[in-house]
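Protein sequences appear in the order of chains L, U, E and F. When we follow our numbering, the leftmost residue of the first sequence carries the number 1, and every step to the right adds one. When we follow our numbering, the leftmost residue of the second sequence carries the number 1001, and every step to the right adds one. When we follow our numbering, the leftmost residue of the third sequence carries the number 2001, and every step to the right adds one. When we follow our numbering, the leftmost residue of the fourth sequence carries the number 3001, and every step to the right adds one.
Quick caveat, the hints were computed from the structure, so don't treat them as lab data. C-beta: ideal position from N, C-alpha, C; glycine also. Possibly wrong hints are sitting among the right ones.
[Said to hold, decoys possible] Distance ranges between label pairs, derived from CB positions: (1) U:1405 / F:3038: 51 to 61 angstroms; (2) F:3038 / L:213: 35 to 45 angstroms; (3) F:3038 / U:1513: 17 to 27 angstroms; (4) E:2145 / L:33: 31 to 41 angstroms; (5) E:2145 / L:202: 32 to 42 angstroms; (6) E:2026 / F:3053: 37 to 47 angstroms; (7) E:2287 / U:1489: 28 to 38 angstroms; (8) E:2305 / F:3041: 50 to 60 angstroms; (9) F:3001 / L:213: 33 to 43 angstroms; (10) U:1513 / E:2145: 38 to 48 angstroms.
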Amino acid sequence: MTLDEVLVGLFPAGHTIERGPNGTVRGTGRLDEIGDVELIGIIDGTPLGIEGALMLAAHVLTLVEQENRLPIVVLVDTSSQNMSRRDELLGLNEYLGHLYKCLAFAGTQGRRTVAVLYGGAAAGAFITTALSTLALVALPGAEPFVMDLPSICHVTKLPLDQLNEMAESTPIFAPGVDPLFATGAVTERWDAANSLSKQLVALLQRTSGFGDRRDQTGLERGGRKQAAAIAERVKDEAAKHA
Amino acid sequence: MAQWQKQRSERQSRLEAASKYSDGKLVSAENTKALLEAVIRPGDRVCLEGDNQKQADFLAEALASVDKSRIHDLHIVQSGIVLQAHLDLFERGIARRLDFSYSGPQGEAIARALAAGRIQLGAVHTYIELFARYFMDLTPHIALVAAVEADGAGNLFTGPNTEDTPTIVEATAFKSGIVVAQVNKVVEKLPRVDIPGDQVDFVVEADRPFYVEPLFTRDPASVTEEQILMAMMAIKGIYAKYGVRLLNHGIGFPTAAIELILPTYGERLGLKGKVATHFALNPHPTLIPAIESGWVEQIHCFGSEVGMDVYVQERSDVYFTGHDGSLRSNRMMCQNAGLYACDMFIGSTLQIDLAGNSSTFTSGRIAGFGGAPNMGSDVHGRRHPSTPWLTAGREATGNPTTLTRGRKLVVQMVETFGEKMVPSFVEKLDSLAMAEELKLELAPVMIYGDDVSHVVTEGGIANLLLCRSADEREQAIRGVAGFTPVGRGGDRKAVEALRWRGVIQRPEDLGIDPLAATRQLLAAHSIQDLVTWSGGLYHPPSKFRNW
Amino acid sequence: MSIVQPHEAHWFEASARERIAGLLDPDSFTEFLDPSQRAMSPHLAQFNLTGAFDDGLVVGSGRLKGEVVFVAAQEGRFLGGAFGEIHGGKLVGLLRAARDLASKNGPRGVLLLLDTGGVRLQEANAGELSISETIHAIIEARLAGVAVVALIGGRAGAFGGGGIVTACCSRIIVSQHARIGVSGPEVIETNKGVEEFDSKDRGLVWRITGGRTRALLGGADRYVRDRIKDFRAAAIDLMANAPPFSAATLAAEQQRLADRLQRYGECRDAPEIWRKAGIFEPDRIADISDDAFLAVPRPAGASHDAR
Amino acid sequence: MEQFQVRGTATRRAPGSRRQAIIGVNASGNLEVLIERVLPDNECLVEVATAITGFRDLWEAVITEFFERSSPGGLRFSINDTGARPETVTLRLMQGLRIMEDEQ
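So that you can see chain L by itself, here it is in the shape it has in the complex:
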């Protein structure tokens, strides 16, 4: 979907959007049922570099200061983090970490934060923009991935055919929305046949609190069967020891 289609679908009652540098956007959307939501995002498949991350973080911090506690929707169509020697030199990890912390902080302050992934997102950019919110929604056309199969092929020396076959049977490494849904990363998959707006309203109404239940979700969906239990076992041993 294009950004315009996404915005019209999500906010038939109206929206404003302002494009900034480095592929960043900010604005507001109107939902009849619950009123305004704040919009930020990175679009056009722009890699997320230090400028973009810093700018988005600034938007988030500004929003968090406001009393109104409006939900924040993060529109995501990026590629990966910006692969650049200069960005790495200047500490890209800190800029991405800062953005993550700002979005998470908003979540801890009672803000409902939802990432809407309608394009690409990979690796560090995926973590920072799409996994840092309380919920992640994948729209048609969303193409998240952590590692692409040719790269996995290159490192593991396994033939691509075999990897493709393996990807069919386990969601643990394969790129795409469905495997990431199964593992608990993607909260919901929306299709365009239903009203995006209604689905957003419903999601926002369900979303509250900063608690992280994605390992439980992964277990329930059968895509990540161990993580939750392992975390619990460590917690139990720690509690016994303390």
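Could you slot chains U, E and F onto chain L? The hints should help.
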């Protein structure tokens, strides 16, 4: 009427032919080829200076580019066949016969050229063996040497890498030959004179400094725990046992590991000042921590090592230096020290057989010998006694008397498997098959088994001095050959009996705790640590930089 | 007995377990989900890989100068210390336990001995998600008043998601070996070409990503020699006064990162930054000894509580 | 990947009171060994998981020699390996045995 001065008059005519290309002794880089064409005659014996370290590379390339209709069928008599230009001489037909010592990186190319008949091989020598023949039947007509600086009178300053130059020049200049030197720079006044100008006929200022290979630099980061375990066994079971103070080390990682744990493990054993005090050895960077910790009293060098010049200069109490301050190395002298003054040689090998013969000639490669066979041999001319020498000699015989001569300790450190799990222990050396294939009269052996006193592997030490029969030697070697076919082919009972007699010692027999064999034991973990140990005086080449 | 005592040992050469042994008070460590429980990755066999009995992460509790701390140490030599499902689950569980126990005489801090190339590609989705869960859990622990201190100086550094995790900790301790970044030099070279980043130029790699650059730029709070005892001393010191996770901290970080971008945004190599920062002999920073480096005054903005 | 076990008999109980220990790292050319005191005093066992197939015979030789050399009664050794050389395996087994000698 008999002519007794033909060589002098021949020399004179060559010098005259060359005079139009020189200004006094100085020759421009552009005129170098013409100069060589003027002074060299077909069939000449030519020594192009080059060994496993320094290379007269500019002159080598000039020689490889001469007109082969004028110069051909040369007989190359030199330490190293290392550069592409050296091979080109034979590929182009400029040279035909070859007597040499070391080939290193060109081992495969030499084997191919030999098989194709482009090289007529005289022999593969050790360094000093070839040097010796320079004074007998392989005296060069032409010596093409390398130095750092020259003055207008032809005096040469070789810098720290003196190496073979004095020997080559001596043999050539005093037998009416012609000496051409490439230098990095012609200057008014030299820091010191390594070669007097009246032994040098021509000097060329090359367009670049002569090449030096950093052959003796081992990165501590690549030392393995197994090598550390071997090093611990060697120190405790050999250095300490015999009290070895005068010695030579090979260039492999196991001996680098020894150098790196002297200040830690050796210190713990209380051996400082008691072992490893005097070396015939190049300036190994891995020895820096031991030197800085006060272990080493004196080192004489075959050559220098890239990056070590400033360090050596600042440690003149340890190294031999000129009055200018920089290292003076000399391969001939140092080899002699290794032969007659060292009580021990310890080094690695690629392949060793059931009798302890070892070789670095593996199929398809003629690697040459360099100096190892001299370091790794017991020289029968030795007469001065020392405790390790006498102890070894007495171990080797059942009932020693005052007539029993001593023995040099010749220790082979062998990791049971080499690259790609190729066993290092074999029933038959590859070099035997190669000798048959190339119809060599003598199969190339780096160190003969009867010179070897000890074999050290991850599995233990085999003391061959204590073996009383060929069969015992074989079982002792099999007993430390680990899980190679040779090791697994050992007679278990015989091996256990040898262990009981102390001929074979496992780490636990030596009281070595396997938990201590970690990289934490290394006094330096990286090249950068060596730089730190040196107080910033060691300047490693950039290819070793990893920080 | 090992000849080198645990705390005298070098961090870089030590295993995850050796680091913990030397870092904490002697014999104070209790491991959670220890190797005998064989909590191993179920995903590696299909790639013909064998696993590790601890899945490359050692977690547990111990004391640091008497104070209770939790500790997690990645083994950088097992699959590059990468995050997988079990590995990540253990780390997340430990951080959540610290959060829950903080108010019940629980740990004062969590020490994260990071040594990771990022996500384990054989279980990439689980790994990526566990990195996000780790950051969530770090934030929750910090909100509960637990200091989370990253200690980095192993052969894998802290890359990919590991670099982002680092930046979310309360405090960061590095040695020279600590390469920290998001995209590894090889990845950048593969994607953008050798002109952008020549990963074979090791000096360049260290100037761009190494511990000295991070320390001078403010990407790390403390630079230490490569000895476990030096990491220990720094951890004791820094755990005591870690910044809270708050609006003020984040606002300060925003300002700090904006200032850095404004001051040095044009620079493409570290010495350019040091020159601008007025550091004496900027080209020699990589070459001087640790002691000399520790004496280099840190530029404006490098020391801060904005993390 | 290949998994198998090698059993042995021991002439004595391995000394020490430690219940379990782990040594080494499963990395290329390396291995980790988990040692547990869980068997009767006259038994010993090594369980191997290796990423490199086709060397079972060599493994058995290494392990059998280790049993004969050190008689580690009561101990189970579990190995995760990625192509360690035989000498590395022996070193790790010896190290593991040595750690178990510590009194706890």
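A quick look at each hint next to the structure:
Range check, residue 1405 of chain U to residue 3038 of chain F: Cβ separation about 58 angstroms, and the 51 to 61 angstroms hint holds. As the Cβ distance of residue 3038 of chain F to residue 213 of chain L is approximately 38 angstroms, the hint placing it in 35 to 45 angstroms holds. A beta carbon spacing of about 25 angstroms between residue 3038 of chain F and residue 1513 of chain U agrees with the range 17 to 27 angstroms that was offered as a hint. Our hint of 31 to 41 angstroms for residue 2145 of chain E and residue 33 of chain L holds, since their Cβ atoms are close to 38 angstroms apart.
Hint check: residue 2145 of chain E to residue 202 of chain L, Cβ distance near 36 angstroms, so the stated range 32 to 42 angstroms holds. In this structure, residue 2026 of chain E and residue 3053 of chain F meet the distance hint of 37 to 47 angstroms, their C-beta atoms being roughly 42 angstroms apart. Separated by about 53 angstroms at the C-beta atoms, residue 2287 of chain E and residue 1489 of chain U break the suggested range of 28 to 38 angstroms. In this structure the supplied range 50 to 60 angstroms holds for residue 2305 of chain E paired with residue 3041 of chain F, their Cβ-Cβ distance being about 59 angstroms.
One distance hint, 33 to 43 angstroms for the beta-carbon pair residue 3001 of chain F and residue 213 of chain L, holds here, with the actual separation near 34 angstroms. Checked against the given bound of 38 to 48 angstroms, the beta carbons of residue 1513 of chain U and residue 2145 of chain E, roughly 44 angstroms apart, stay inside it.
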